[in-house]
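Enquirer: With the hints as your guide, set chain B onto chain A.
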Amino acid sequence: MARTAKTRKTPAGNKGKGPAEDVDFALHSLQEAFEKAKRYDASEDELLAFYRQMLLIRRFEEKAGQLYGLGLIGGFCHLYIGQEAVAIGLQSALDNDRDSVITGYRDHGHMLAYGIDPKVIMAELTGRQAGISKGKGGSMHMFSTEHKFYGGHGIVGAQVALGGGLALAHKYNEDGGLCLAYFGDGAANQGQVYETFNMASLWKLPIVFVIENNQYAMGTSTARSSAETEFHRRGTAFRIPGMDVNGMDVLEVRAAAEVAFKHVREGMGPVLMELNTYRYRGHSMSDPAKYRTREEVQDIREHKDPIEGLKKTLVEQGKSEDDLKAIDKEIRKIVAEAADFAENSPEPEPAELYTDVLVEGY
Amino acid sequence: MSTETKAQAASENGGERRLNMIEAINDALDIMLEKDPDVIVMGEDVGYFGGVFRCTAGLQKKHGKTRVFDTPISECGIIGVAVGMGAYGLRPVPEIQFADYIYPGLDQLVSEAARLRYRSATEYIAPMTVRSPFGGGIFGGQTHSQSPEALFTHVSGLKTVIPSTPYDAKGLLIASIEDNDPVIFFEPKRIYNGPFSGYYDKPAEPWKRHAQSVVPEGYYRIPLGEARTVAEGEALTVLAYGTMVHVAESVCREKGVDAEILDLRTLVPLDIEAIERSVEKTGRCLIVHEATRTSGFGAELSALVTERCFYHLEAPVERVTGFDTPYPHSLEWAYFPGPIRIGEAIDKLLSE
Numbered sequence: 001m002a003r004t005a006k007t008r009k010t011p012a013g014n015k016g017k018g019p020a021e022d023v024d025f026a027l028h029s030l031q032e033a034f035e036k037a038k039r040y041d042a043s044e045d046e047l048l049a050f051y052r053q054m055l056l057i058r059r060f061e062e063k064a065g066q067l068y069g070l071g072l073i074g075g076f077c078h079l080y081i082g083q084e085a086v087a088i089g090l091q092s093a094l095d096n097d098r099d100s101v102i103t104g105y106r107d108h109g110h111m112l113a114y115g116i117d118p119k120v121i122m123a124e125l126t127g128r129q130a131g132i133s134k135g136k137g138g139s140m141h142m143f144s145t146e147h148k149f150y151g152g153h154g155i156v157g158a159q160v161a162l163g164g165g166l167a168l169a170h171k172y173n174e175d176g177g178l179c180l181a182y183f184g185d186g187a188a189n190q191g192q193v194y195e196t197f198n199m200a201s202l203w204k205l206p207i208v209f210v211i212e213n214n215q216y217a218m219g220t221s222t223a224r225s226s227a228e229t230e231f232h233r234r235g236t237a238f239r240i241p242g243m244d245v246n247g248m249d250v251l252e253v254r255a256a257a258e259v260a261f262k263h264v265r266e267g268m269g270p271v272l273m274e275l276n277t278y279r280y281r282g283h284s285m286s287d288p289a290k291y292r293t294r295e296e297v298q299d300i301r302e303h304k305d306p307i308e309g310l311k312k313t314l315v316e317q318g319k320s321e322d323d324l325k326a327i328d329k330e331i332r333k334i335v336a337e338a339a340d341f342a343e344n345s346p347e348p349e350p351a352e353l354y355t356d357v358l359v360e361g362y
Numbered sequence: 001m002s003t004e005t006k007a008q009a010a011s012e013n014g015g016e017r018r019l020n021m022i023e024a025i026n027d028a029l030d031i032m033l034e035k036d037p038d039v040i041v042m043g044e045d046v047g048y049f050g051g052v053f054r055c056t057a058g059l060q061k062k063h064g065k066t067r068v069f070d071t072p073i074s075e076c077g078i079i080g081v082a083v084g085m086g087a088y089g090l091r092p093v094p095e096i097q098f099a100d101y102i103y104p105g106l107d108q109l110v111s112e113a114a115r116l117r118y119r120s121a122t123e124y125i126a127p128m129t130v131r132s133p134f135g136g137g138i139f140g141g142q143t144h145s146q147s148p149e150a151l152f153t154h155v156s157g158l159k160t161v162i163p164s165t166p167y168d169a170k171g172l173l174i175a176s177i178e179d180n181d182p183v184i185f186f187e188p189k190r191i192y193n194g195p196f197s198g199y200y201d202k203p204a205e206p207w208k209r210h211a212q213s214v215v216p217e218g219y220y221r222i223p224l225g226e227a228r229t230v231a232e233g234e235a236l237t238v239l240a241y242g243t244m245v246h247v248a249e250s251v252c253r254e255k256g257v258d259a260e261i262l263d264l265r266t267l268v269p270l271d272i273e274a275i276e277r278s279v280e281k282t283g284r285c286l287i288v289h290e291a292t293r294t295s296g297f298g299a300e301l302s303a304l305v306t307e308r309c310f311y312h313l314e315a316p317v318e319r320v321t322g323f324d325t326p327y328p329h330s331l332e333w334a335y336f337p338g339p340i341r342i343g344e345a346i347d348k349l350l351s352e
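As given, the protein sequences belong to chains A and B, one line each in that order.
Under the numbering used here, the first residue of the first sequence carries the number 1, and numbering increases by one thereafter.
Under the numbering used here, the first residue of the second sequence carries the number 1, and numbering increases by one thereafter.
Chain A on its own, in the form it takes in the complex (with noise of 0.2 Å):
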């Protein structure tokens, strides 16, 4: 049955219309709706949580690097520096008792979101046994049962549909919870992601859908690889609201994760999230990053630092530059010991090789 015209017109400027004249105002009424309060309204201790989870993050993954160009994490390794208040934001806005998320191979940041022990982390990427999953994942692939973090997943934009699927879950158990799936601006144009966007929102599934646009896909700007580079507006097809969010301030992130998640336990269906992010490292530890400028990088790091942000937010609330001296000396121990850790623990036993195969022995 064709559907007629009528009820799928979209009127060119029908912004700001109630939903009574404007049949597509569910695209853009979230969008309205985070637009009316920008920045959530942290208390001094939230505050400060952000700032240590973000800070954390940033130390961590500068001695990923560092242990990396030591020849201790070999292989691939993707640093989500730059990027910290996109998952510190969405993840605190969580219920972990019942919500699930799942990312792709730039991964470090969300595991250390949920607070999951840098050492195991860190000992993950060097390929120890000791590892979050025991070294057999490496740093595109963890998992953590115990928080519903359904990994890590090398290939692009396949996280999507599985997403998709606990989302179905969540559904099918009535448990409440909901997913959040993360994915990059390259894996924006797989098409495994459209086909879940329209599975997800047919069925209207309790899923967030997060684009961390962080400029590149790999070394190709979004300029040069997305016909629309306006994120947010890829679920429009499928009837799936977009939020267009600056991903480099966590309380505005938070913000926009309060009115999303709302909206998805509320049963309405999935949400389309851009949030706007720049990693100032290269894809991963080969790319010198030579498809931008110095000066690009540099002014972002200069105006725009998740980090120095919220830095100047505690210091104007009163925060000395002691106190938060004090906070990085101590994150500082934390990673030097995660390092540790992951430096001197075994590797696996060769017998793992044929280990979790299948459920059997192989």
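Because the hints were derived from the structure by calculation, they are not lab data.
Hints should not be assumed to be uniformly reliable.
[As the list claims (entries may be wrong)] Each pair of labels, with its calculated beta carbon distance range:
| id | chain 1 | residue 1 | chain 2 | residue 2 | range |
| --- | --- | --- | --- | --- | --- |
| 1 | A | Arg292 | B | Asp70 | 43 to 53 Å |
| 2 | B | Ala204 | A | Glu349 | 49 to 59 Å |
| 3 | A | Arg239 | B | Ala204 | 39 to 49 Å |
| 4 | B | Tyr219 | A | Glu352 | 34 to 44 Å |
| 5 | A | Lys204 | B | Ala57 | 26 to 36 Å |
| 6 | A | Arg292 | B | Pro326 | 44 to 54 Å |
| 7 | A | Asp340 | B | Thr294 | 47 to 57 Å |
| 8 | A | Ala336 | B | Glu34 | 49 to 59 Å |
| 9 | A | Arg239 | B | Pro326 | 38 to 48 Å |
| 10 | A | Arg233 | B | Ala57 | 53 to 63 Å |
| 11 | A | Tyr354 | B | Thr229 | 26 to 36 Å |
| 12 | A | Leu353 | B | Thr294 | 27 to 37 Å |
| 13 | B | Asp70 | A | Asp117 | 37 to 47 Å |
| 14 | B | Asp70 | A | Gly176 | 22 to 32 Å |
[Said to hold, decoys possible] Cut-off 30 Å, straight-line C-alpha distance, at most; resulting in silico cross-link-like pairs (DSS-like, lysine-lysine):
| id | chain 1 | residue 1 | chain 2 | residue 2 |
| --- | --- | --- | --- | --- |
| 15 | A | Lys319 | A | Lys38 |
| 16 | B | Lys348 | B | Lys202 |
| 17 | B | Lys65 | A | Lys262 |
| 18 | A | Lys38 | A | Lys325 |
| 19 | B | Lys202 | A | Lys204 |
| 20 | B | Lys35 | A | Lys171 |
| 21 | A | Lys204 | B | Lys61 |
| 22 | B | Lys65 | A | Lys204 |
| 23 | A | Lys171 | B | Lys61 |
| 24 | A | Lys319 | A | Lys333 |
| 25 | A | Lys36 | A | Lys304 |
| 26 | B | Lys62 | A | Lys204 |
| 27 | A | Lys312 | A | Lys63 |
| 28 | A | Lys304 | A | Lys63 |
| 29 | B | Lys62 | B | Lys35 |
| 30 | A | Lys171 | B | Lys65 |
| 31 | B | Lys62 | A | Lys171 |
| 32 | B | Lys35 | B | Lys61 |
Note that the structure is a prediction, hence the values are computed from the model and not measured.
Just so it is clear, CB atoms sit at the ideal spot from N, CA and C, and this is done for glycine as well.
Expert: Frame of chain A, contents of chain B only:
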């Protein structure tokens, strides 16, 4: 009592019901939907329509739309969603309408379903059974006839199951659904409605005269990794699965060859002990499959037999397979490893 004799006894009693393979599969799904609330049947046209081959007929009506539902035509998405469901603790049974359509989902099967257990050190697993009709002999042409099993047996972390009778289809499907690994369950569509002698120009036989069409009511399972001895013999061993079990059986019967025919039933895990036992006894081995020859599963079987039974062999291992071409439409019966080619291979094996 063996499966065979049990079925035989039942048919003599005349009391037990006889099903074709479609009905047996439907029965298995029905039982598992009833038994385990985590089991979900999903796929293109499986719900309202009941499946293109009717394998899921009536299941949505009986179990409701949350347990049995239609999906968009999105094979990669279907399998990806199923992996996520499996990881979360459900037991999805997605149907891919034809094995030929499975390729868009290959990424999800290889990189996600098969590998999740290993890379998460069994923190997460992806129990799921991907059902898909496969194989030729139905004039399906290039895109509705393929036998891609070797693509999956090559992927560590997947199990590959291929039933050849209604009795086995039910028991193996139940075991697959209950298995904690991802299982590729290929249903030989040529024999959905009856066994196939290999003579396309003879009238089709219905299942009801076959001993293995006696399918008991209720739950039973056939463990994965156990071959079925279709016929015992001394002259040579025939290794086959799916449709080719019946073709090989009919050729051996016709030629009066005292062959031992093994229906492998599951390719991974493989019942290598049964193969060794038989080849050591007969000293000759014929492998038959529909799939293309190069890197087909027959190559693996041939290598295993040669490695393990070399000093018992009286003749080189023979393979009768599809040719290394796309599945043809007009020359289907030239491509299909039918009675003539199987007969020639048997003659060659026995003459050495």
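Enquirer: Checking each numbered hint in turn, tell me which of them this model violates, lowest number first.
Expert: Going through the list in order, the structure violates hints 10, 19 and respects the others.
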